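Generate the whole structure from the sequences, applying the supplied hints.
If you want the building blocks of each chain, they are given just below.
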Amino acid sequence: MKLHYKWPILVAVLLMTANLFAQTRITGMVTSSDGEALVGAAIQEVGTKNGTTTDINGKYAISVADGATLRFIYTGYASVLVSTAGGNTLDAVLREDATLDEVVVTALGISREKKSLTYGAQEVTSGDLTRVKDANVINSLSGRTAGLQINRSGSGVGGSTRVVMRGQKSTRDNNVLYVIDGIPMFNFSVGQPGDVWGQSANSGNVGRDGGDAISNINADDIESITVLKGASAAALYGSQAANGVIQVTTKKGKSGTTKVTVSSNTTFESPALAPDLQFSYGSRTNENFSWGTKGTSPDHVKDFFQTGATYINSIGLSGGTKNAQTYFSYANTTGKGIVPTSELSRHNVTLRENMSFWNDRITVGATVNYINQRGDNRSVSGLYFNPLTGLYLFPRSQRFDEYSGKFEKLDDVRKLNVQNWVGSRDDWQNPYWILNRNPNFDKRNRMNGVVSVGVKLTDWANIQFRGNMDRTNDHFEQHSYAGTEPTLADPNGRFVLSDLNTNQRYGDILLNLNETFGNISAAFTAGTSISDTKADLFYADSKGPGLRYANTFVIQNIVQPGANITQSQPGSQRQLQSLFGSLSLGFKNRFYVDVTGRNDWSSTLAYTGNNSFFYPSIGASAILSEMFKLPGINFAKVRASYAQVGNGVNPYDTNIQYGFPASGAQAPNVGILPDTKVQNELSKSFEVGADLRFWSNRAGLDLTYYKTNTTNQRIEIEVPQGSGLQRAIINAGDIQNQGIEATLTLVPVRNSKLEWTSNINYTRNTNLVKALSPLLNTGTYILTGGGVNNYSMVIREGHPFGEIGGKGFKYIDGKIVVDANGVPQAGLDTVLGNPAPDFTLGWNNSLKMGNFTIGALIDGRFGGEVMSITQAVLDRFGASKATSDARDAGGVDVAAVKEDGTAFSGKLDPEKYYVAVGGRDGITEAYIFDGTSIRLRELSLGYRFPQSISNRICKGAGLNVSVVGRNLIYFKNNAPFDPDVSMSTGNGLQGVEVFSAPAVRSYGINVGLTF
Amino acid sequence: MKNKFILLASMVILTAIALFTSQSCTKNFEEINTDPYKPNNVPVGEEFKQVLQNIYSYSPAWITQLQQNLIGDVYSGYMMPPTPFRGNSNNMTYFLVDGWNEWPWNVAYSNVMSPLKRMEDNAGANYPEFNAWAKICRVAAMHRISDIYGPVIYSKYGVLTTAGGVEYDCQKDAYDLFFKDLDSATDALTLLVGNTTATANIKNFDLVYDGDITKWVKFANSLRLRLAIRISKVDPARAKIEAEAAINHSIGVMQDNSDNCLVASADGSTHPLNVMDNAWNDIRMGAPMESILGGYNDPRLAKYFEPSVIVAGQYKGIRQGIAIASKSDYEGFSTLVDLNKVQLMTAAEVYFLRAEAALRGWSAGGSAQSLYDQGVQISFDQYGLGSAAAYLASTSAATPYVDPVSAGNSTGAASNVTVKWDEAASMDVKWEQIVTQKWISMYPDGQEAWSEYRRTGFPRLYPVLVNNSSGTIDSQKGIKRINMPAPEYRTNKVEVTKAVQCLGGADNGGTSLWWDVD
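Going down the list, the protein sequences come from chains E and R. Take the first sequence: its position 672, counting from 1, is numbered 674 in our numbering, and each next residue is one higher. Take the second sequence: its position 478, counting from 1, is numbered 1293 in our numbering, and each next residue is one higher.
Hints are supplied without guarantee of correctness; some may be wrong.
Calculated lysine-lysine pairs in the DSSO-like style (CA-CA distance at most 30 angstroms, straight line) [what the hints assert, rightly or not]:
id : chain 1 : residue 1 : chain 2 : residue 2
1  : E       : Lys253    : E       : Lys61
2  : E       : Lys445    : R       : Lys853
3  : E       : Lys914    : R       : Lys1142
4  : R       : Lys971    : E       : Lys679
5  : E       : Lys256    : E       : Lys914
6  : E       : Lys679    : R       : Lys853
Example chain E residues on the side facing chain R (calculated, C-beta under 8 angstroms, incomplete) [claimed, not checked]:
id : residue
7  : Pro300
8  : Gly573
9  : Thr606
10 : Asn613
11 : Asn652
12 : Pro653
13 : Asn657
14 : Glu720
15 : Gln723
16 : Gly724
17 : Gly726
Not the full set, but computed from the structure, chain E residues with beta-carbon under 7 angstroms of chain R [stated by the list, open to error]:
id : residue
18 : Gln577
19 : Ser605
20 : Ala608
21 : Thr610
22 : Val721
23 : Ser725
24 : Ser952
25 : Cys956
Calculated from the structure, these hints are not laboratory results. On a predicted model such as this, the values are computed, not experimentally measured, just so you know. Glycine included, C-beta positions come from ideal geometry on N, C-alpha and C.
Dropping the structure here:
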């Protein structure tokens, strides 16, 4: 199918035999609107068979009849007609044309003509991904595609990203499946925070984000990203497809002379949305709170943050002969966070070889990727080990400089330095102590190799064999010195070590047949695949038994290893074997029908008696514009499809073994009741869509309506203890997502001086939990437990998935109830909001004027509710500006009534009010904010140096410089934090912010050089 | 034609390969889907360690605190927390906290019933010693649960009804099953005494008697005697049969302190009371201990408690069910002497049980007085206190209680019985003497002491002054039981509702258990 790319060119070239009547020699260069030289573009003298193609530098020369008109043709670009009357030099600029004969990469890496697709798919090309670079390339999809909700983790540069496509469906995992060059990637992410403290769920272990697997990819290696939306597009991935697929196609070497691409990107970051604090009211003697008398305190917070910086430098080499091509790249990413000592360093090396033998009968490709990454003191969210709690909450009128400059002091008895801090609380420490004496680092070494062999059987049949091995080692340590807050460490300190090895092996065989029978084109693919993923974790934590000697962080120094030490080696393995096939039929290029089927055999379903599941899909599309004369419309297509896909169960769920018998609290007896058969989650999905182009293809509208019902959720229910279990796994539920996606592509202005292209993406998803299990006796399924904190995340029948729970006010007739002293009274534990936005809108613009290009991406999420625990805690401590404003105003002005329903006269005492309402365990209803956020997400101004200047570097070189910015302006942001930033990329802890590092505004410069 | 052939051939090959790989490899799926980091092929019987550590939970201490300390340890008069948990509205003031009181149930089912069932499922009939041992452990754990709540899930454990519930046994039926299980267990183990294989098998996992089967039989018989005495008021005929069967068994009941059922820690955990006492300052001596042991000049007082800080050099206990404004008010009362092994039963208790049996005219192998005296001496021996002769001659009685923090809590002595046995005294006085001495000797097992207090009313304890039970618990009669665990109402509503009917009263703390009759 790769041939599709080359067909038009080959045809064009074949059509043009040398013309013997040439009279004028025309030379010139063909470039894309980005200024890239187009290699192999066809130039045809109109009305003749005369033609040529451009060379590796985009140069051409052709002899034509006087006054002839030339047609410039390049796949994926709109062809252009230019008269040669103007002179002997004729440069042509071709615009990418997304409307005609566009080829997209679909499931399993199969290229298809976009117009034949029966489902939604949206492509983002490398230019969009690298214009304003992010250390995690997936963040660059924000606002550029419809149907995705993207939340970055709060851990700063290079952190994980949560990407949810067409709404949340699963009680376990809603992240999309990433597929790199046709091979599904095991996108593990390590130990996300699981509670408000910032610990990993229910473990007391350090919750941290070391970056997921997709975040490691070098953006410059990516050719394009295709978002396969919905179930039908992804149906060939069967039991892995329920959450949708993001397909990444990487660059290959190209034949011709060697091409070198150098890219250097420097951006600086500064806090964009920091909490509003007060520095006027001081603290009372011996109090950690700032509820004292008015005065002035210096702003100790502003000097804490530093200007962050991210440097991404890469070099790519591409070249080769007709039979062997090489692509090599190296990228170096260095990041310095806005919180001091927070750093990231990454090296990516890629080598890709493609060879063909025996007239392309056999093609062999091999890719090797090596990634080395180290993160130091990545930003954390939550109350523990977080420098920002102590920083923001520091009691005003005390002297911060006494602690900032001197975070440790000598303990005369112990003869070692211990923490110097203003007071002991589990949720705060000296910020500089945390940074310097609770340091942590993570190291990742990842090696990924792919080998593929293609065998061309005939012109219309080929077989492809692929194999992949992706191994990663993640090593993490945290060294907490003696003197660390006792809740977090023992007297001699605390040592945490985590070493995770993940290994994915994948292999597949694909048979592709393509043939045309008269009016009918047929494409058939059949294949089989096997994938085996394994993760092994070694985890040791000295908390509890403690360390023998203070401040020595090695395993041997842990007291009583093997007794009380939290030392575990959880591992997991899953194997998936599949048979699949797809048949696409086209009739007269007007009607297309797709049928796919995949059968999966999954090891995670062992012991259930049925480890085999079949996932079908069917789709059809009709090109109306080929059938009817539609005035004013260049292209019109309607499509409809239906698919069933799954989401595999967790390893060992069907075979639950008991933990080690010993004293103490056992892990709860989770198991399976005798009459339960554990199954994969099943999504049944239907979508219809239309694709319209009009105004000479300058406007396009892509519309999709979808509806997905997902059943067989994994739900743990509480069962009678007399059954032998405490909790049982069942499959139940029906979660429905329906929505509309619309993408409008527009070229409002197009002339020789200016071209403005604009792209608007609209997404609206409505989620409804139609059913949970009747066995779930509380009617609520908990994703994040509240525990002692008044934030939780729950699923309730008849409501949207994943609502925020907390503590409400007590009301009488809509007014809050206070006691005689004006202290607000807490009401019930209740559901306070749904963090999912009502809809999202992205507006991406590109303006090209000569050598200048301006890019601007504005996007917004509208509606939804989010909670700020930061604000709650700041208010409780009297550290927020809200509290000083209230004190200045003589009280909190809210309409309140007393218990007997009579009005409370006057304003409420600020301290009484905020002490009752604020805090992680206060009346958190007061800390629900509208989640609307509209921002200028990306802005870039690029300049392509004229060839005359870039030629001085090297003949034929291209030089681009651009100034870029991200998150420059928040047009509207109602919450005191950026709702784009998520505390966890897992299922829980959404829509809440707990002392995350402030969202950053970044600005910088890109330099790109090609020669 | 050639192309068609290639197509056909390749499809056949491909399908063959695919089917081959798919079908032949799925047989590894069970192995792949087995967690390599969970115990696999664990020796049968390993579960006993977990069981023995959880009849009275060893760790973490917060579980023990909820399993027993804030229930039986307080209601027995042994101990009292200085801490006004939940604004002083808690078990101590008869506001029964559901979130706490489900824990005896949770521990029993997760850590005793569940592993024992697993062990039985694994071993089958191959190991008669394990099956017999399991029955003993199960009764040792579950009678405590029944004595807290009343109805228990015992015979139907692991059997789901069609509606997904699990049926209960009323306490009367549960006790019948306890006796039967102890009877068959002692029969089976008696046959295995001297059997080296059985001894070795038990020894592997025995945290109490190091594989001594004879001692396990003695423990089982003693347990049977304890349960027989427990039902002596409600079903005297059955009680006599069971008590005599235990006492007159060929191996018999516990004789001396080497027979005591003391559980060692499997992993070096300290006794959880030490944590509650020292690390958390959440438990102190109870007022009745001060009044009774102080009044008797009992040398065991210094073995159990430390002199207080609040009245230097004196032993001070906290009265249960009083108004406590601040933990610091009562933190300075007497702390506990550090404990070592967990004590589930002692020979001293058995002598007192036999004394009561003798008092009732049953065949107990001695007179009530001689057994009473031996009980006291054995208890003295347990603490290395030498001869109890002088103590046994003492005619001193309990002293009035003085609360140095809040005088309103002070009160006179609750009883005037003495240590010295007077054969001429009334049956009730002798009975009170026996039970009072048993109460002293059984410390710190508050669960068993609270059960005997409810059965006998001895030793006489002080009524609560703050009663937050909303009228469900009579302050004078005291708390009779704990309401059924809240999770049962969420998960097993039909059956727990049925079970409550056999209580003969509402499911609250004021309804007496089956054996608790006047």
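Each hint tested on the structure:
no., hint, in the structure
1, E:Lys253 x E:Lys61, "holds, 23 angstroms"
2, E:Lys445 x R:Lys853, "holds, 28 angstroms"
3, E:Lys914 x R:Lys1142, "holds, 24 angstroms"
4, R:Lys971 x E:Lys679, "holds, 23 angstroms"
5, E:Lys256 x E:Lys914, "violated, 71 angstroms"
6, E:Lys679 x R:Lys853, "holds, 22 angstroms"
7, Pro300, "violated, 37 angstroms"
8, Gly573, "holds, 5 angstroms"
9, Thr606, "holds, 6 angstroms"
10, Asn613, "holds, 6 angstroms"
11, Asn652, "violated, 10 angstroms"
12, Pro653, "holds, 6 angstroms"
13, Asn657, "holds, 5 angstroms"
14, Glu720, "holds, 5 angstroms"
15, Gln723, "holds, 4 angstroms"
16, Gly724, "holds, 3 angstroms"
17, Gly726, "holds, 4 angstroms"
18, Gln577, "holds, 5 angstroms"
19, Ser605, "holds, 4 angstroms"
20, Ala608, "holds, 4 angstroms"
21, Thr610, "violated, 10 angstroms"
22, Val721, "holds, 6 angstroms"
23, Ser725, "holds, 5 angstroms"
24, Ser952, "violated, 50 angstroms"
25, Cys956, "violated, 48 angstroms"
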